[in-house]
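Asks: What follows is each chain in one-letter form.
There are 2 protein chains.
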Amino acid sequence: MKKAIILLSGGIDSATCAAIAKHEGYKLHAMSFLYGQRHSVELKAAKKVAAFFNVAEHKIVRIDLRAFGGSSLTSSLPVPKNRLPADRHGNQKRRKEIPSTYVPARNTIFLSYALAWAEVLGIKDIFIGVNAVDYSGYPDCRPGYIKAFQTMADLATKSGVEGSKIMIRTPLIKLTKAEIIKKGRALGFDYGLTHSCYEPTAEGRACGECDSCLIRKRGFREAGVKDPTRYKKQRIS
Amino acid sequence: MKKAIILLSGGIDSATCAAIAKHEGYKLHAMSFLYGQRHSVELKAAKKVAAFFNVAEHKIVRIDLRAFGGSSLTSSLPVPKNRLPADRHGNQKRRKEIPSTYVPARNTIFLSYALAWAEVLGIKDIFIGVNAVDYSGYPDCRPGYIKAFQTMADLATKSGVEGSKIMIRTPLIKLTKAEIIKKGRALGFDYGLTHSCYEPTAEGRACGECDSCLIRKRGFREAGVKDPTRYKKQRIS
Chain A
810 MKKAIILLSG GIDSATCAAI AKHEGYKLHA MSFLYGQRHS VELKAAKKVA AFFNVAEHKI
870 VRIDLRAFGG SSLTSSLPVP KNRLPADRHG NQKRRKEIPS TYVPARNTIF LSYALAWAEV
930 LGIKDIFIGV NAVDYSGYPD CRPGYIKAFQ TMADLATKSG VEGSKIMIRT PLIKLTKAEI
990 IKKGRALGFD YGLTHSCYEP TAEGRACGEC DSCLIRKRGF REAGVKDPTR YKKQRIS
Chain B
810 MKKAIILLSG GIDSATCAAI AKHEGYKLHA MSFLYGQRHS VELKAAKKVA AFFNVAEHKI
870 VRIDLRAFGG SSLTSSLPVP KNRLPADRHG NQKRRKEIPS TYVPARNTIF LSYALAWAEV
930 LGIKDIFIGV NAVDYSGYPD CRPGYIKAFQ TMADLATKSG VEGSKIMIRT PLIKLTKAEI
990 IKKGRALGFD YGLTHSCYEP TAEGRACGEC DSCLIRKRGF REAGVKDPTR YKKQRIS
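Protein chains in written order, with this note's numbering: chain A, 810 to 1046; chain B, 810 to 1046.
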């Protein structure tokens, strides 16, 4: 049975990516990262998603990005709230700046670990749910970045040099969030297992106001799919 | 004062690279990795080298490559001994295969962490002592790999996107080991602080037989510099 590595964050995109890989007939080896993010509730979601897809193994790698700081996801910087998220329809102005939730070199570190693990296991496909349409504007989610990582990986590894390349697979990169959700639903995935919020409550309820919540809400709305997320109760003003 | 990150392994190359960066006027931020390598004595050497160069900070990152296995440096595979090392003079035949001491994606993981740290600190130069002349034949030490990593890094980071690139600096990449040693000596560096052996004794003496020891010995011999290494006593047969 062909095998693939799937990078699982616990969010909508990586879970959908897992559903696609599974549908293509891969046995999945899941990899998640504990990087001192505020929202370790993400990791609980990743474990649920891994169980749903009956992965061969779920490797949880502890990495020390909090020691570096530099992001509102790994330090005490505030997470931006109630900003208009990027909108490809032009109804809302897409923000051009890279937000404070950007974690320096995060996907590069994640993909580097996946590359190492793939080479050790003899796996030739790494699935990552990056998306450059309905996303937070991070540079390391764009097609050009993935292409450059692939070129680098081909030169970095014994597999690449010996002509048996490890491929970075990004099936969601050009889909809207609504298309992603429809795809996952068509493959029978239950998004109630996933978590997107950058700043959930202690009980794991989503804030409903950060970029990630706003993009998620709009995705379900546009897909015409009921949003299964447990949001925190809003104050009535 | 301009600042740079230096990846310090405790070996000859990274120490010489530090000497060059220091000579160019950089204040150094050193980064070393504890990756379950057999030779944690390397790390002791890295600390001595960091102290010699009076670094601003020495970050030691614990990473979990041993959990992956796949290399004789991170698992119980045997380290090759008494093989002829690569020789650019053609006196000995250069081995074409990548040896078992290759650690999958190691430099990619190291550089990814350095990239993250550089971006957080606002540092624009990362020095790495890779060398593609007197080396063990690892793919991630070659100029083409470094160039591809640079391209990827420019696309991965906020700094890169905003036009203030973080540069990967490899001043040793085309030097022989003897040239590297002469360079370091000219800059006043004491190689007695460094360690190269892949399989040292418990007391930290070098085996004198692994690829890394053989390349080191030849380097000192060709440079006409006394080898300060403490080798283990050889059995007389």
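Take the hints with a grain of salt, since some may be wrong.
Remember, identical chains collapse to one label, so a pair may be satisfied in a single copy or spanning two.
Said to hold, decoys possible - In the BS3-like style, the derived pairs of lysine-lysine whose C-alpha atoms are separated by at most 25 Å in a straight line are:
#1 Lys992 <-> Lys1035
#2 Lys967 <-> Lys956
#3 Lys1041 <-> Lys992
#4 Lys1041 <-> Lys811
#5 Lys857 <-> Lys868
#6 Lys967 <-> Lys983
#7 Lys956 <-> Lys974
#8 Lys956 <-> Lys933
#9 Lys956 <-> Lys853
#10 Lys967 <-> Lys890
#11 Lys992 <-> Lys836
It is worth saying that the hints were derived from the structure and are not from the lab. Treat the numbers as computed from the prediction; the structure is a model and nothing was measured.
Asks: Return the numbers of the hints above that this structure violates; sort them in rising order.
Replies: Hints 3, 4 and 9 contradicted; others consistent.
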